[in-house]
Each structure stands twice: as structure tokens, then as C-alpha cells.
Amino acid sequence: MYLILLPILFPILAGLCLLVYRKEPERKLLTAFTGICLVITGALVVSALTLARQSLTLFYLTRTLPICFRIDEISVLFSLLTVIVFICAGLFAFVYMKHEQKEKRYYGFYLMVFGVLNALCFAGNLITFYLFFELLTLSSLPLVLHTGTKEAIMAGLKYLFYSLCGAYASLFGIYFLYHNCDTLTFTAGGVLQVSPASPEGRFLLLIAFVMILGFGVKAGMFPMHAWLPTAHPAAPAPASAALSAVIVKAGVLALIRVIYYIFGADFLRGSWVQTAWLTLALVTVFMGSMLAYREPVLKKRLAYSTVSQLSYILFGLAVMHPDAFTGGLLHVLAHGFIKGSLFLIAGAIIYTTGKTKVHELRGIGKEMPLTMWCYTIVSLGLIGIPPTGGFVSKWYLAIGGLAGDIGIFRYIGPIVLLISALLTAGYLLPLTIQGFFPGADYDYNTLQKREPARLMTIPILFMTILSVIVGLFPNIITDYLTEFVSTLL
Amino acid sequence: MSKRKPAEEYHKTFAFHFFSWLQGEKDPYLGNVEMKPQEEYVIDPEMQLRHEKEHDAILDKVYDMAHNRELRLFHRLYQATSILFCLFLMALLLVTISHLPATGAAVKPVNNEVAARYIESGLEETGAVNIVAGMILDYRAFDTLGESHVLFVATITVLIMLRLDKNKKGEPNPLTRDMNPNDRIYEPKNDAILQLVASFLVPIIIIFGIYIILNGHLGPGGGFSGGAVIGAGLILYLNAFGFSKTERFFTEKTYKWICFFSLSFYCLAKSYSFYTGANHLHSIIPKGTPGAILSSGLILPLNIAVGLVVACTMYAFYAMFRKGGF
Amino acid sequence: MIICIILLPIIAGILVPLLPFRKRSHKEIFLEGAVILNSILVWYLLLHHSESTFLLAHFTGDLNISFRVDGMSMVFAGLVSGLWPFATLYAFEYMTKEKHENTFFLFYTMTYGVTLGIAFAANLLTMYFFYELLTLVTVPLVMHTLTREAVLASRKYLYYSLGGAAFAFIGLIMVIVYGSTTDFILGGVLDLAKIGDRTNILLLIYVMAFMGFGVKAAVCPFNSWLPQAGVAPTPVTALLHAVAVVKSGAFAIIRLTYYSFGTEFLRGTWAQTTVMVVVMFTIVYGCSRALKETHIKRRLAYSTISNLSYILFGAVLMTPLGLAGAITHLVFHAVMKISSFFCAGAIMHQTDKRYVHELNGLGYKMPCVFGIFTVSALALMGVPGLAGFISKWNLAQAAVDSNNPLAYGGVACLLISALLTAIYMLSIVVRAFFPGRDFDDSAIRDVHDPNWKMLLPLFVFTVFIILFGIHSQPIVDFFYDVAAGSY
Amino acid sequence: MGPNLWINYGEAVAAILFCIGFTNLLLQTNLIKKIIGLNIMDSAIYLFLAEKGYIAGRTAPIVTDGITSVEAYINPIPSGLVLTGIVVSVSVSALMLSLTIRLYIRYHSLDLDEIAAQLKKEGR
Amino acid sequence: MDFVCNFPFFSILISLFSGTICSVLPEKAAKAVNRIVIAAVGVMSGILLLYLLGTGESFVYWMGHFPAPWGNEIRAGILEAGMALFFCIIMYLSMAGGAHKLFDEVEESKHNLYYILINLLLSSLLALVYTNDMFTAYVFVEINTISACGLIMIRQVGRTIEAAVRYMIMSLLGSGLFLFGLCIMYDLTGHLLMSNIKESVALLIQSGEYQIPLIVSVALMCIGLCIKSALFPFHAWLPDAYGYSTVSSAAILSSLVSKGYIFLLIKIIYRVIGFEIFNNTRIIDVLFVFGLLGMIFGSLSAIKENDIRRMIAYSSVAQIGYIYMGFGMGTQAGMVASVFHILSHAATKSLLFIAAIGLTEVSGGSRKFIDLTGAGYRNKWAGVAFTAGSLSMVGVPLFSGFISKLLFAQAAVQVEGKMLAALIVLGISTVLNAIYFMKTVIRIYATTGDTSYPCITFKDMKVHAIVLLFFIVLNIILGVSSQPIVNMIEQGLAMFA
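Chain order of the listed sequences is G, Z, E, U and W. So the first sequence is numbered by this note's numbering: it starts at 29 and just counts up by one. So the second sequence is numbered by this note's numbering: it starts at 176 and just counts up by one. So the third sequence is numbered by this note's numbering: it starts at 3 and just counts up by one. So the fourth sequence is numbered by this note's numbering: it starts at 508 and just counts up by one. So the fifth sequence is numbered by this note's numbering: it starts at 125 and just counts up by one.
Derived from the structure by calculation, the hints contain no laboratory data. Be careful, since some hints might not be right.
[To be verified] To give a feel for the contact side, a few chain G residues facing chain E, derived at Cβ under 7 Å:
{"id": "1", "residue": "Thr90"}
{"id": "2", "residue": "Arg91"}
{"id": "3", "residue": "Leu173"}
{"id": "4", "residue": "Thr177"}
{"id": "5", "residue": "Ile181"}
{"id": "6", "residue": "Tyr196"}
{"id": "7", "residue": "Phe200"}
{"id": "8", "residue": "Phe204"}
[What the hints assert, rightly or not] Below 25 Å or equal to it, Euclidean Cα-Cα: the simulated SDA-like pairs (lysine to any residue) are:
{"id": "9", "chain 1": "W", "residue 1": "Lys504", "chain 2": "W", "residue 2": "Tyr577"}
{"id": "10", "chain 1": "G", "residue 1": "Lys51", "chain 2": "E", "residue 2": "Phe23"}
{"id": "11", "chain 1": "Z", "residue 1": "Lys498", "chain 2": "W", "residue 2": "Val148"}
Backbone N, C-alpha and C define an ideal beta-carbon position, used for all residues, glycine too.
Here chain G stands alone, though its shape is the one from the complex (with noise of 0.2 Å):
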């Protein structure tokens, strides 16, 4: 059972080490290192997640308060995203870390956070997830800082207020759901036993909302969006591959267990809380996408469409609709892989000629085909073209859209989803038809062929086939989910 603790405890501690040792280790060693931990860690997970459904309590903080771990199907789902983003990112940014310094701070605090992450994904109750949320935060924000220059110290400071913002927000819901819950264990369906009708119940309503503002912080929800353009391109590229893929995902994670877990679905649905959730995800969704077509910083680019993504993600689970709430699952995958291999692109790009503006980009599909390429294929995944990843899981939160009862978003949600979809072509595309054709006056003589090196396309390459597969064999997910989807639903 104290298997759980493996993954958790292992990566930490490696972490730990690697900041601790005093001198700066030669860069083979650190990143052999860094790499077989990445592994071994990888396998714990995967076979940790063997012990599904037990529950590990651990110890008691005070008398109440346990820290206790389980793995349920959520927990599957996202601790495999994790550690495939982890490990992809982690080989790109052997070669990427290159030229930057410090890199034993970057691999040390990469293999902490790579293990917060995962006791996130086992956390059993609100608790736990909570300490594990905030460890997240502060273990992450030395990869935003890591560049060190003063946009870089701004941006990681920025993402700290915003991340705390939100996680006091959730602590003060905590406090209150602490004294009218009897437990804080995670269990389907909620253990909230007020009615919403009742004074407790509309209080506790406000406090759903203070929670779903303050975890939408993290998953960069509306208004609390602003810290993600700002913190991503600070960031190096793999950090910021690990950010957008994983770390706001922890956002989502935490909407699902708090409302589908500790809530109740029942509790919010049909409440003025489900409706101000749904508005201000899909104002997220169009605003991410219109903030991203203005913007020509291709990083910041990514970072606003992955506002507006994640936001698709929410708004599957604010319908409150199996399928939608599948869909956004679905997205969580997709869009981990896709964005992941988005933001290691844009990596390799800034790695391999140093641009960062998409318009100086032309032509650079030319001198790059392969990641290039990639970035198509994923590109048409993100904009939601079948058959990737995206298609399927739009599909699904388009359906559920429909089907949920959520008056008059029924409409709009799904033709918000289908604006922003446009955008997102609009956003992408134009980097892969300038890269491609750039044009009669291009100069072809400066052209040469500069793929980067081997250890940063593979990754981008895994990751692109993962967003294909999901896309082509959804099914294999999608029985998974549903079945559990029914008992939350």
C-alpha cells in the first residue's frame, strides 16, 4: 500500500538532493541522472496505479485532518498525462537547457513539482490535495523564475499572487466546507448533505463559487486569467510545455474533486453558481482565442490559446452532463499532448534560430520540416479538424452542451465553442502557411536545413502521435470513462 508514496516521495527526494548538493555536477551526469529518475518515476506511477481504489491514510495534521491517498479513475487519467508530458518534456529540455544556466536548480525543482504532481493525482481527500496544491505552486515557480532576468522574477512573482489568490479562495471554501461536511475524502457524488435551499445551503453556494473561482485560477479561468501569458513565455519551453500541459490542468483536477466530489453535482446544478460558471467559461474560451489572435509573441500565442482551451475544459464541467463532462476529459488528454507539443515546438524554434515573433517566422518550415510538420498536425488537432484528438472531445462537449440542462447555454455554448474554434485556425494556422509558403520574395539562399537535435524532435514527435491516437481510437478512453462518469453523474 505505502507503494502510493513511491511516486510521490521518490522524485521529491531526488528533487531534494540534486538542490542540496552543493556543486554544480557535470551536465552528463545531471542529466543521466535526471533522465533514469524520470524513468524510474514513471514506472512508479504506472505501477502504483495498479492499487487502484485503496486508500492510504497516512497520518493525522491535527486531529481531523488526515493526509490520506487514493487512486481512482481520475487519478489514472491524469497521473498518465503527467508523467508522458514529464518525460517528454524532461528529454527535450536536456538539450534545451543547454543554454541556459543553473540547470541542476531546473531538474531539481522539475522533479519536485514532477512529484507533487503525481501526489496531487492520488490525493484522497480535500485536504491533502489542498497541501499538495499549494506545494505545486511554490515548486513550480522557481521553472517560471528560472531565466532569472526581470521579466522573467516579474512573471514568476505574478504567478504566485495569482496561484496563492486562488488557492486561499479555495482555502477559505475549505474551511467552510470542513465544518458542514462530515468528511473530506474524495467519494463520488459528493458528501455534502445540505440542501441548497437551506441558508447553509445558499451560503454554501457562495462558497462553491469563491472555489470555483480560486481552482480557476490555476486553470486560468477568467478573471484570474492574466498570470498565463505572462508566465509561460517567461518560462524555458519545456517548463512552459509542462505548465500548459500539466500544471493548469491541476485547476481542473481540482474543479472535478471539489464539485464532482465533494459538492455533488446535484448540489450546483440548476443553481445560479452552474450558470455563472458556464458564462465565464465561455467568455474565457472567446476571449482566450481572440487575445491569441492578436497577439504575434508565438509563446504568448500558445499561452493565450491555452486559456482558452482550458476554459473548453471547463465548460464541459460546468454542463454537468456525462458527456460533456467526458469530453472534457477527453480535452484534458488532447489538449495535454497537443499544447505539450505546441510549447516544445515553440521551443525548438526559439532553441534553433532564436525568434520569437510568428511574422519573423517565414519560411521556417522550410528549414525545419519536421517539427513543422508536427505543429500542423497538431495545430488541425487543437482547432478541433477530425480525425485528432480535438475532434472528439469537442464532439463530446458540443453533445453534452446540447443535451444539459442549462437553458439558454445550450445554444450558446456550443456556438461559442465553434467561434473559438475558427479563431484557433486562425491563430495557428498562419505560422505553418507562412512557414511552408513563405511567399514569392522569400529568399531562399539563406534557407538551410537546421532540424534541431534528436533528443528535442522525438518528444515532439511521441506527443504528436499521442494526440493522433487519441483522436483515432477514442473508444479505448471513452468506455473507460463512462462508466465512472455515471456514478458522478
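Based on the hints, put chains Z, E, U and W in the right spot on chain G.
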């Protein structure tokens, strides 16, 4: 978005702030935290000194009557309130007086058994024909003891204030030099008329004073009034003949010892009488025959003592006032 | 026994300038020995305490100076005696750079005794007595450097403290007159029959007394002495202005509220509302001032202001849970804040740097100090797994449990303050460890961690921070028992 | 207003005099005039006392012809008080005058406020 | 009658007579006589106090051969004897403490005159304490005033003379009013002896006659004594008088002279008018208000002051305000508090004055704060003593000031209408006290400072240091074992009635 406004102005608009917030450009930190180190708190000691000096200067100015309007205003206010207060006091006293027992009436609280006993048995108990003298020197002698000490302490304060002593090295006080020529103005060297008049008036005055003292227990008069008369005689003598004459028989030393012996006698005699009275012992002092010159116990000696003191004191006051010494 | 405990440090302190120590180390051994001995005695007493009251002297009437060991005094005395030996150890090293050592240790050690006096006081008068004494023995410590700044600070400190005590005194009088006794009895001693229809006046007096004692606990608007008093040597700022003195204020308020006026009398009145609003405002105010402050110690002082009001917030909830929360934070905050102050002191001692913006890159030069500072910063923020989370949890639970809508606002204040805490604490950490891309560290090449005398206390405190954070159950249970009156 | 104001006209005069003296003492800037005010005040009190002791149709309390009957003499007590009072007043006047002389010698002024201003200027 | 009962009479007589003797003695002998007299009177008062505590009853003593309404009388109870003892202690210590400064400040040839004044002052104080006769009280009030004036002006600098003039003017206004009040009272009752007046007053109150004159007379006497004891609006003379006279004078003036008048007022309240009757007049409200105002404004003036002696003097104004506030409460408890404060303030204020001289001495004779910086290090004893005195004034436990504050507050709580005002002003006044006293204390310890001034060690000023020590001990005794003293005061007041 129209760009008609210049950039700076645009940066101030709400729209700009809103959009920059929307895009995540607005930073909660930038320019807010740690951008400017605070100045270490330093006070220049000189400044501090000057500050305190200025404080003093301001204080001085505040007290500067001529140039301080506030103070003048306060002065006016003070005067006005004083007058009001006095008027109020007067009204109050008049009202009070109107409620007091009528003057001259025989039956009122004042005329009670106290006064009655003084009058009825005063002669018998004190031996003094003059009831008032008996009262103040026997019944209520403690008051009178105090009273003579009031005079004594007043002389002492006058001495402190005006006596011009030689300093440690025996040099005269610098003020003496100013006083002496000053004094000449008052000292008519050879005013024949005055000297002549004085030479026969002074003895009469002094004898009259002695009479008053000695008859204090028999008729109107007493130590104080008699002493004052004698003092007046001495002062007249001084004015006519100058300090050089008086110094032959009356110096500070004389004064000191006369006062000392008189007051000591007074104190001791009265102490004896108080002590015997309080302890219900028999006083050995004879009362004598009422009406005789040697009668009424201690009253006569006491009157003499008081008279001496008062005479000397009066003279001393005058001498002090005039030139700060005898 | 209690007298002995209170007098021992005072006598030891007085002996410091009198005894002819040949070497500095002898003095250190003497002082440390005395302090440790006293701490051992205190703990012995706490573990074997009896219920009886020890009467020292009669004052006027039925007022007397007497001592007793009860739950609250166990907590406070235990806390103080736990921290003092370490702080003394730290002070030895720190004071090598300062002048007038003897005077310093004289008053520093005396303060120990006086603080214990506050802890063990059995009635309001005794507590007031030691409370005033505490002001007096700590003033020389604030004034220690004798710079103009220090003089101004100590002057302010005195004005505030004595002024506050004057108003607390009025509360004392009220308890004397309207209470059945001045002894501390959980639940209050007010005699409702005597009060009659004077409830409102009494409440007004309570608010005045609260603010009076609150001066020491740095309640807004009477808090400005605390940051200024930061000019004192760091052991003083750390131990006194983060623990002993200011906690005495909080302790006194708890005594006043729970043991003298009684929560039954106060709960739900406008007085409670008033003080709660004040406290909530202070929580936020302290943090926001800390955010603007760039002097490290002053920043920490503002942080203390805010955190003290956490304690008071717990106290003014006027429920047993609230008291438990207050006590928890009283103890935990002491450990956290002393740890961070000692780090700040270590930095000042090693580098003479005082401002946050001067700390760039020091994290790599003094890893231990800054590591510990980070831990304490995180703990102050209330990161789960560290002590701060537990105390805040208890406070928030008490607030939620009190069913007082204002208290809900208080929870929000706690969280806002936690957020601001994060910013002002972590911005130091970030600076130290992320000095910027092209940071030139030639200026700080020779900087290194201080020696063991400074580090040992730091490590011990850190261990406690983590220990309290992870496994607080026994001690928190004890606090709940205290709050419920079982001790 | 009570019934006896006109009967007590002596006392009324004393009261008015007292107030005049009082006002003088408060308001006069000249020290000598202040002292005069003081003396007026004191005299007023003696007048008051004398009025108190007076009983219509009786003589001074000196035993004449051995008659020791209450009906014969006025009340002796106020007279005694006046005697004592006069001595006190003389002493006080002497003291005040000596102070005035000293101040005048030093500062050549009899105005207390002016002297105060001079003192400030001296800076002592 | 026991022989001990003669002691009050002996005390008064000895001190009066010694005044006379001193006029012919050289300075040293005069000094010795003075000390011996004070000590002897103190011892006698102590014995008397013990005797009275034993018998538990007060007694009257005929001054002469005639009983009560005809002859003079003095009266001794616990409170009187205690006061006399206390006054002697303070006076002795003040004299000893300021002795070494006397040479600098007074012309040498006038030293023996100084001792005359002190002796007469003592006698007048004793007479005020013991007397049972209003007119005697008036006469001795005058002695007190004149000798106090002498004490002020014996140091002949311009300021003291000016202060003396002001003091005299105010005092004379006061005596005038007092005497007028006394005359009216005499007219109404026909008596001058306190106990007889009280009986008559009770009768008058019962019969309802002469109500207006009665009240006016009481008011006039009160105002007279208030003016003399420098209650708030009448305090203009005080700072200069206390601030510039010789140190012993200042100590004695502030701690004893004004207290003598106040004690007389207490006697009048209890023994002449009757406590209940007095409390039913509106006079106590006036006293209360002026007391409160004095507490505030005295302290405010003290804060503004930057001369240490004047500051202490202003503080006296505030402290006198406390005492009158106690009167104004109109309860037994308030009166007890006031009486205790008389003691406490006397002990503290003289300590402060004498410590202040020690401090100015090591600061080049300047009393400006700026020059006093660091004086506490140069003269350690004086520094410590000044600190102790300040703490007592602020009302820190252990010192006497705390107890009086405690008593005042306790008394205030029992008075419905005045409670809040009294308590709040008490609080504010404590804050203000803290401000100016602590400012000074910190100032004298501020820096090791200017080394151009010499340091003084214990050897240089043994007497001074010992006196300071005694004062501190006195203060602490009052502060720690106050219960017997308070009991004594209560008993004494009970004897008054």
C-alpha cells in the same frame, strides 16, 4: 481601436487599463514593491539642536508682550474676565450680606456664650480691664503668638530681600554703592527746623508709646500699637539726624538681640502658660489686682515684649527700605 | 518554586555587570547556564504543577500579588522557557558586534523572569504589575544602540506601552469593583448582580482595556511603536518583539477576555464587534504595510503586527475553539517569527545589509540561513505541512464555528493576509535565490553562513516548525484542553 | 436679595471695598498700586469685622466701673481678630514692598509683565 | 492626660522657638538646630502616632487655661500625627538633599535666615495640621505663605523675585477670600473653633436659616485655599516659583506647602462644614471639574516645557488636580485616595526635584533638556532616582503613584455620574505623564554623550545619594505596603467626623 488620442493620454484612459489587465500586462508588483528603498531615518544633530534653540526662541517670542498679538488679546480677555469676576464677586457678596444677621442687633449668632463669658468673667479670669487685651493675650493667646511670628517672619523676608551684606571677602555689596549716594538725597544734612522739632517731639512720642504699651491691659492700646508709635518716633529721629546718629544706639545687633529676647520671652512665657493650662496645673503667675498697673498676669510683660519687637521691626523696615541696612 | 523561577533570571541578570568575568566565554557559560537551569525548572514545574495559588504579598484591600499555574500559564511559560535558551545562545554571537554587552544581558535576562511573572500571574493585578515591569526592563534593550533612532523608538515604545497600560488599568479597576475576585477563572469573574444596568459602561471599559493591552499586542492604531522598535539588536527584536513582549499583550488580552470579563458577558455585544473589526483591520493593515516596507526587520515587525491580530482574532471570537486557535497561533507564530527574525539577524550580522533590495544573490552564499528563512516564510504563509497552516486552520475553524457573520469576514482577512504574507516573504526569498541573470557577486564573495551558535537555534526552530506542521496532534489537543479549562 | 442689605450697609461698603481692592490686585500693572489694592482689601475685611462686632448702644469692651454685664459692652471678639489681622496685613505689606523695591532697583520698572519680558530677554 | 499628648504642642512650640533662636546663631549652628528640630518633631510625631494608634481616639489640647469655645485648642488624631510625621520626613530629606546646593544659590550671610524660614514653615505646617481653630489656621496660613515666599526669593535672581511677587499676589487674593469667608462663617455661627462651628452649621442646615451666606462662605474658603494650593486656573505663579528657587525650597514648596493648605481644606470639609453637607453643595462638582482640567492642562504644559525643573513644577499642577478630583468625587473613598495622593505626591515630587538638581549639576548647571542628554550616566544615583520618581508619577506598580491611581480609580467607579469622566481623564493624564516623564528619562539616558561635563561618583555626593535612596525607599514603602497606611487614613478620617 481608433488611435486619435496621443499615446500618453491614451495610457491614462480606463480602456487602456482594462485591456492591459485583460491581456495580463498589468502587473500587481511592478512599481509597487521594493522598487524604492526607504530612506534610513537620520536626524542631523545640528538640525535637532537648532530645532530646540528655535523652540526656545519661539517661547521667548511668545512672552514678548509688545509684539505678540495673541498675548495682547489674551491680556484683554484676562482683564475682561477679571472685571467680570470682580463684579460677580461683588454681587455675590452683596447678596450674601443682605442675608446676614442685621448689624447692631443684640440677638444674633455672634453674641453667644463665648462673648458673654469674655465680658462677664474676663476681668476675673485674666485680670485685664481691657477685655480685648485679655482675650487676645490670654484666651486666644495662641493666635497672637502666631501673629507676632508673622511679623517676625516678615522681617526675616525683608532682611533676606533688602539687606545688603558684605560678601565673603568683606567687600561691600555692589548695590551698596548705588544705594548710598541715592540715600543722600533723602538725608537732609542740617535741616535745623526738622532737627529742632524732632528733638522735642521724639521723646514725647516715645514716652507716649511706652504709655500705650504699659496701659495695654488697662485701657485702649497694647504692645502692637505702642510699638508702632515708638517705631514712628525712632523713624522721625532717624530722618532728622541721619544714620550716623542712630547707629550709636541702634544697630543691627541691637535689633537682633532685642527681637530675640522679646520673642524668646514671649514664646517661653506663653509655653509655660499653655502647658500648665493644658495639663490643668496651677500657674504660678499671679493675677494681681484688676486695674493696677502690675496686674493681669502675663499680659503686661507680653505687651512690653511685643512692643519692643514691633518698635524695632518698624524701624528696621524703614531702614531696610531706605538703604538696605542699619 | 514559582518565585524562584521568576527571581532567578532577574538575579542572574543583575549579577552580570557585577561579577568580574575574566573571559567572555565565562560570562556566556554563566548566563546560558542560568537560563537553561531556569528553563528546566519551569518545565519541571509545568509537569508537576499543583493547583494551589502562591501568595507573595498583600497589596491594598483584597488585592495581592500571587502566582498560580494553570493552562494558559503553562502554554505561555512553556513557550517562553523553550525559546529563551536558544535566543540567549544566539544573542552571544550576535552581540559580539555590539557595545555595552553587560547592560544588554542584564536586561535581557531580567526580561525572562518578568515574562514568566506574567505567565504565572494568578490574578489581574499581578499580571498588570509584571506587564508594566516588562515595559520597563525592555526599554533599555530597545534603546541599546543609543542612536537617535533608537532613542526615539524607545521613547515611542514607552509612551505607547505606558499609555496603553493606563487604559488597561481602568479595566483592572472595573474587574476589582464589579468582579467577585481578581483571580483568573476561566469564564470570567464579573458579578452580574453588582453590574446591574451598567453593562454598556462595562463594555466600553472592556474595549478601552482591550485597546490598552492591545498596545503591546500592536493593535491598529497603536502599532507604530513595533516597527520602530526594530532598531534594537536582533535578539531583542526577535525574542521580545516577536514573542515575549507582544505575546504578553495578546496573553493579557486573553486573560482579560476569558478569565476576567468572561466570554458569556461579552459574546454577541457591540464590544465584541468593535474589537473584532479592529483586529480584522489590523490583520490586513499590518500585511499591507509589510508589503511596502523594505527594511527587513521592519517588514517582519509589520508581519508580526498582522500575526498578533490573528491571535487576537481567535481570542475575540469568544469561544473555546477560538481560544484554542489563539493559543495555537500564539505558540506556533512565536516559533515561526523568531526563526525568521533570527535569519534576518544573521543576515545583518554577517553582511550588514538591512534592506530587502540589498539581498540579491545572498541565498547562495548563506544557504542555511536562507533555507531556514524560506521554511519560516512558507510557514508564516500557512503552507500546509508547516506550523502556520495548523494554527490558521484552527483559527478559521473556530471562526466558522462561531456562526458570527463578522467572523466569516475575519476568515477572509486571514486569507488576504496570508496572500500578502506570501508576497512580502517570498519576494525576499526570490531575491536571494534569483538575483537576476547577470548578477555580479563579487561584492558578496566573502559572505558565508554564521557559526553554530547562531545556526543551532535556527535549526531547532525549523525542526519545530516542521514538526508542528506535520504532527501537531498532541500539542493541539493540549491546547484544546487548555481552552476547555481542563488544566 | 435678602432683607438686611440696608441695615447692613456697613458690611455692604466693606464688600464693595473688598472687591475694589481685589480688582486692583488683579488688574493694576503697577506693583505699588497692587499693594494699595491689597491694603484696601484687608481694610475692608476689618471694617466688616468691626461692623460684626458692633451692637447698637453699647460701649467698647473695656471694663469701666467694674460693670461686667453682657448688656454693657459690644462683642470683643471681632476687635481682637481685627488686631491680629492688622499685624498680618502690615507684615504682608512690608514684604510686598520689599519685593517691589528689589525689583525696581534691578529692573527700574514697577510693571510685572514688563519685568517678566525683561527677564526673558536676559535669558535666565 | 498622658504626657504624649503634649507632643503636638511641643512640636509647634519647638519649631517656632527654634526659628527665633536661629536668628542669632551663625549658619552652622542654625543648620544643626534646624536638623535637630525637624528630627525631634518627627520623632515626637512618630511616638504620638503610635500612641494614637494604641488608643484609637483623637484628643484635644487646650492652649491655655480655658476650655473649648473660649480658649484656643489643638487637636491630634491619627491623620494629623501621621501627616506631621510624614512632613517631617520629607522636610528632613529635602533639606539634606538640597543642602550642598544651598551654597551656590544663596548669599552666605543669609543662610541662617534660610533656616529660620524653614523652622517657621515647619511650625506653621504643624499648626495647620493640628489646629482646631479657624482663626489660628488663618494666622498660620499667613506664616506659611510668607515663609514660602521667603523660600522662593532667597535665591535672588530676577525670576524668583518675580515668581515671589506673583506668588504673593495670588496667595493674598486667596487669603483675602479665605478670611472673608471665615468672617461670614463667624457671623453665622458665632464661633471660631472648628467643632463648635460644625455643630452650629448642622443646626443652621436643619433650621434652614442663612443658607446662601453659608454656601457662599464655604465657597469663598474653598476658593481661597484652592488658589493658594495652585489648583489649575490659579497656577500661573507655580512654575517659576518651583522652577527657579533653591532645590530644597522647590522640594518643600511642592511637596509640603501646598499640601498644608490642602490638608487644611480637608479639615474644613470634615471638621467645620461636615462631610455630608459639603458633598451636598455644588462646590464639589466645581472642584471635580477643575481637578480634571488641572490634570490635563498641567500635563500638557509640562509636555511643552523644555526645562526640567519647570516641567516637574507643571507636573505638580496636574497632581494637585488629582487631589482635587478626589475631593470632587464626594465620597469617603475619594477622600482617602486624595489623602494618600498627598503623601505619595509629596514623596515623589521632592524626590524628583532633588534628583533633578543632581542631573543639572552634571550638565553645566543647565536645566534645558538638550544639555541633560546622557546626564543619567554622569550622575548615576540621580539618574536612577529620577527614573524611579518618574515611574511613580506615571503610576507603575511597586511605586506609590500606582496605589494612589488605584485608589482614585476605585473611588471613581463608585460615583455614578463622574465615573466615566474620571476614569478617562485618569487614563489620558497617565498617558500625558508618561509622555513627559519618560521623555526626560530617556533623554538622560540617551547617549553617553558630551564628555565635557564631569561625571560624579558616589563619593562626591554621599549625602545626596543617600537622601535619594531614602526617597526611593519611601516611595516603594508607600507603593508596596500601602494597606496599613490606607487603613490609617481611613481611621484618621473617621476620627475627623
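Do the hints match the structure? See the list:
1. Thr90: Nearest chain E Cβ about 5 Å off; hint holds.
2. Arg91: holds, 6 Å
3. Leu173: With a minimum Cβ separation of about 5 Å from chain E (threshold 7 Å), the hint on Leu173(G) holds.
4. Thr177: This interface hint holds because 5 Å falls under the 7 Å limit.
5. Ile181: With a closest approach of 6 Å, the Ile181(G) hint holds.
6. Tyr196: holds, 4 Å
7. Phe200: holds, 5 Å
8. Phe204: holds, 6 Å
9. Lys504(W) / Tyr577(W): holds, 14 Å
10. Lys51(G) / Phe23(E): violated, 44 Å
11. Lys498(Z) / Val148(W): holds, 22 Å
Of the numbered hints listed earlier, the single one contradicted by the structure is hint 10.
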